[in-house]
Amino acid sequence: MTKMPRVFFAGLLATTMLANPTFAANVPPGTKLAEDQTFTYSIIDEFTSVDPQLVEDVSGSDVIRDLFEGLFNQDAEGNLVPGVALSYEVNDTKDVYTFKLRENARWSNGDPVTANDFVYAWRRLVDPELGSPYSWFGELMSIENAGAIIAGEKPKEELGVRAIDDYTLEVKLSASLPYFPLMTTHASTFPVHKATVEKYGKDWTKPGNIVSNGAYVLTEHIPGERSVRERNPMYWDNEHTVIDKVVALVINDENVALTRYFAGELDRTGIPTGQFPKLKAEYPDEAISAPRLCSYYYNLNLRDNGPEYLKDKRVRQALSLAVDRDVISEKVLKGGQIPAYTFTPAATAGFQVPDVPAASMTQEERNARARELMAEAGYGDGLDVKLIYNTSEGHKKIAIAIGQMWKTTLGVNVELANQEWKTFLQTRANGDFEIARAGWCGDYNEASTFLDLLNSKSGYNDSKYNNPKVDELLAEAKTADDPQPLYTEIEQIIAEDVPIIPIYHYTINMMLKPNLKGWPINNVEQNWYSKDFYKVAE
Amino acid sequence: MSRFIIRRLLVAVPTLLILIVISFLLMQLAPGGPFTSERPLPPQVLANIEAKYGLDKPLWEQLLIYLKGIVLNFDFGPSYQYKDRTVNDIIAQGFPITLKYGSISFLVAVVVGVSFGVLAAIRHNSALDYAAVGITFFSQSLPNFVMAPILIIIFTWWLGWLPGGGWNGGQWQYLVMPVIALSTSYFASIARITRSSMLEVLNSNFIRTARAKGLPERTIIWRHAMKPTMMPVVSYLGPAFVGLITGSVVIDQYFGTGGIGRSYVQSALNRDYSVMLGITILYGGLTIIFNLVADVIYAWLDPKIRY
Amino acid sequence: MGMVKDIDQVERIAEKLAEAEEIRGRSLWQDAMRRFFRNRAAVGSMIVLGLIVLFTIIGPFFAQWSNEEIDWDRMGDVATLGVPSLANGHYFGLDDLGRDLFARTIQATRTSLMVGIIGSLVAVVIGTIYGAVSGFVGGVTDGIMMRTVDVLSAVPYMFVIILLLVIFERSLIMLFVGIGVLSWLDMSRIVRGQTLSLKNREFIEAARAAGVGWFTIILRHIVPNLLGIVVVYATLLVPGMIMAESFISFLGLGVQEPNTSLGALINEGAGTILRGTLWQLGIPLGFFLTIIISLYFIGDGLRDALDPKDR
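Protein chains in written order, with the numbering used here: chain A, 1 to 538; chain B, 1 to 307; chain C, 1 to 311.
These aren't lab readings, by the way, just hints derived from the structure by calculation. Bear in mind the structure is a predicted one, so any value in this text is a computation, not a measurement. A couple of the hints might just be wrong.
Unchecked claim - Each pair of labels, with its calculated beta carbon distance range:
#1 C:K5 <-> B:G134: 23 to 33 Å
#2 C:T216 <-> A:G394: 33 to 43 Å
#3 B:S115 <-> C:S171: 37 to 47 Å
#4 A:D304 <-> C:A87: 53 to 63 Å
Every residue, glycine too, gets a C-beta built ideally from N, C-alpha and C.
The shape of chain A in the complex, shown without the other chains:
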């Protein structure tokens, strides 16, 4: 896990590259490998697509990371390592990046992977014709003209990427973005094989048609049941790939998945809420918990037509103080989740979690202070509050627990309401709520992916928090050499203003067979690549 300022990234990359030329499965010498190198895992639901520019969900991205390869990959710690790109150069203003691609990368049908493949794919991402749900990522990357192309004002050929030659890719940004290379590990930026896409149209991702440049090729896909990907012999680093076959089984119920894991049908599965301690005690080297780049919080509706009581800062602070985050983490979730008093997770690269007063008080002190604040605000006799969340066991438990905390500590009556997903999203988007549950995972490993949400103009600012000072600091941080002090200030402001109530930072909780080695536990984005795994003989 790196904590170095991002200014040093390019240099770090250069040195790492020299020291460690191969990045696939690092099998220690003398290890006896298992006969059957098949990795089987469960996914909770069928993924939306294996087209890199159309995928929307995490399980789809996991598959795509095995099938395709982008400019850069991540190693077990989450650092950038060369993928199709060997290195890059950036100009002084940090808005033109030039990537040098390797010449031995091949598509599964033998065609060489060239810079033109990236140009085609990135144009496709922002093309209004394709209508990718992730086209906003193209804009987020600040590629020149991305916004205009999405709006239909310019043709996609004017996107700020071009192939200088077959193995050199030049990207022009509309603004300086020092952490741009971090974003090239995202599935939306992976190349696609133009001839295949044009030949088969919508069907190009079906097994048999699909051509990919990653370590694996999709050989079977039965939606709702399973998908299988097998070794791609054309992959440039194929000799270091150990796992031959990866099977993803769709199991909608996590308890059934756990049962099947015990029955030996799975190598990896998730852990249902609250089960971790028991499983850890019984299977210490199989139950795993590690920090993730995601935060769980409650949105407080600060719109003009929002509830009166939320307009008073003291009430918001009181509600936040009265939440016993240790109980949530240790007694409700029990998965090693990290109590959150600020928004950005500590696990974020290069981020220092600022000290805020609430974090160092004891819960009794927090409760006492909360009562004081409520009394000051005039709600000492109680208050009625509405809390909504989308249907899920985990969300329900947390909401019930917090509701009870507010009731016993502050005499607040909480009306809980669950809504199914789309209704919930619509309600939240319409601002039809008082307090709503929310979660956010970082798009890239840098604090702005979280803090940008608090920008008054952000489309993801569900609270509609509006603080010009915060907006100013966020803008400054984009170009600052060391943004940490600015981030610290922002976090302290929101700890005082409480537009959101941070509750915990996520962890990944899973059961993993001990003979499967190479899982990137320390990669907070949990970008894993099957080519890095290997199974030892038992």
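Given chain A, put chains B and C in place with the hints provided.
Okay, now just chains B and C, sitting in the frame of chain A:
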């Protein structure tokens, strides 16, 4: 009778049309759409996507385009959630799966249920009656979402006899648990309706006459009592069969079969309009056909029935 | 099967004949009630059901915890600390979140009984009348009515529920509406099927010949003969409704936390089997089962009692 059948099939067309229109409107009225997502799409992107799928057109035009697609090309549209697949793909893959384990479960439930019901009725208020009824309680007490995980624990984990889920082309090992879980949901109702119906029939005048005539009990049951007994059972079975297909959501969820029940529920939750409509039409069609079959069977069971 | 049972019976008949003019007519319903109360299993079940209802009313006085309070001290380790015990006041143990299962079961049973019985009643009344009218009148009317039922069964139910939630907001009444919307459809089909048979019987012909209006025929002659099947199917509906409620709650329309229902408790309990907290499944399932069994015997008793030809 054939005129009756033809008339019913002709009526099916406007019935389905009304179903499509109502369902279409209902879906549009529900909050959220296929592209409402956690990361709200920038308005321009949303506009692009909606234009691509024709969702920006007025409702009546969308409906017409949809109907035209079905009638001319048998094309039920793309899925909005699963970008790589069409509704035809989804139904073509999922329906045969559900049909297979659904039909087998249905058969098992009917055979076992009717047998239990008849036995219980013949031996009314005896130990056999109570035993048969007791077993129906047992199967009702374990709703299939309770039974499914327990079956997996027993057969996959403890005994290791059966795979814990999946379909694998429908080989028998993958059918056993789904069939057990699904058939037990229906078996209790079938058994009890059969039993109750047979009890009433056995008390009716013509059975008394048959008995007075001295006919052997077996002939009475099979030749005279069965047909009228089956009337309410058939009424129940028609919708029950279609219900098996909708109700198989739980089976799909717990056994990962890839069947169509889950696609149906998920498409509603995802606001995947075209998949939802496609499966609704399928169910509508099946409901109409099975109710027609049930009506035809009524006429066979009770010759006095005229339409 | 003899015509006359024994000497006592003969004597009684003789006595009654002697008092012929003083006999008050006994209606068929009274006959039925007598037969019902002679059925020990049915009466026993009514008592059991009554006890359960009593439990839901009196139970709260014995509960040491409310149905929403979390036992903070014990919630961290429910598998060992949450076992049912008389000592710590959690008679039924704790649920997965550390709340008292006794209080929750009481409230859940109350809700589920209401849902099941009222839902069933709605289904019975609407379904029976609709089905009987459709079957009896026949022809085009039957066609239209039954095709309507077809359409209503195929309409995506989930959207109906979601729309109800959006338009009317969550409430107990909406829950009943949500369940009631679908429950009568199957009943109407079964009733129609039976009616198709019944309407060709001689006694109906006789009634028609006597000039009785069609609706009166339905109410007075068809429906009573259907009651056997209707009652049995109604008792079968109740568990279905209890389970349907948990599906509706999933969509957000049903009962909201902290209130719960047997369906929800069973659902939660089924998910925690692997944790060794079997009481979380066993207790609500036990109540559910007891209710179903009682209703079965009551239904069966009613069927036996109402069947005019059963001796």
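Hint check:
1. A C-beta distance of roughly 31 Å is found between K5 of chain C and G134 of chain B, which places it inside the suggested range of 23 to 33 Å.
2. The given range of 33 to 43 Å is broken by T216 of chain C and G394 of chain A, whose C-beta atoms sit roughly 58 Å from each other.
3. For the hinted restraint 37 to 47 Å between S115 of chain B and S171 of chain C, the CB-CB distance of approximately 45 Å keeps it satisfied.
4. A hinted range of 53 to 63 Å holds for the C-beta pair D304 of chain A and A87 of chain C, which are about 54 Å apart.
In the structure shown, a violation is registered for the earlier hint numbered 2 alone.
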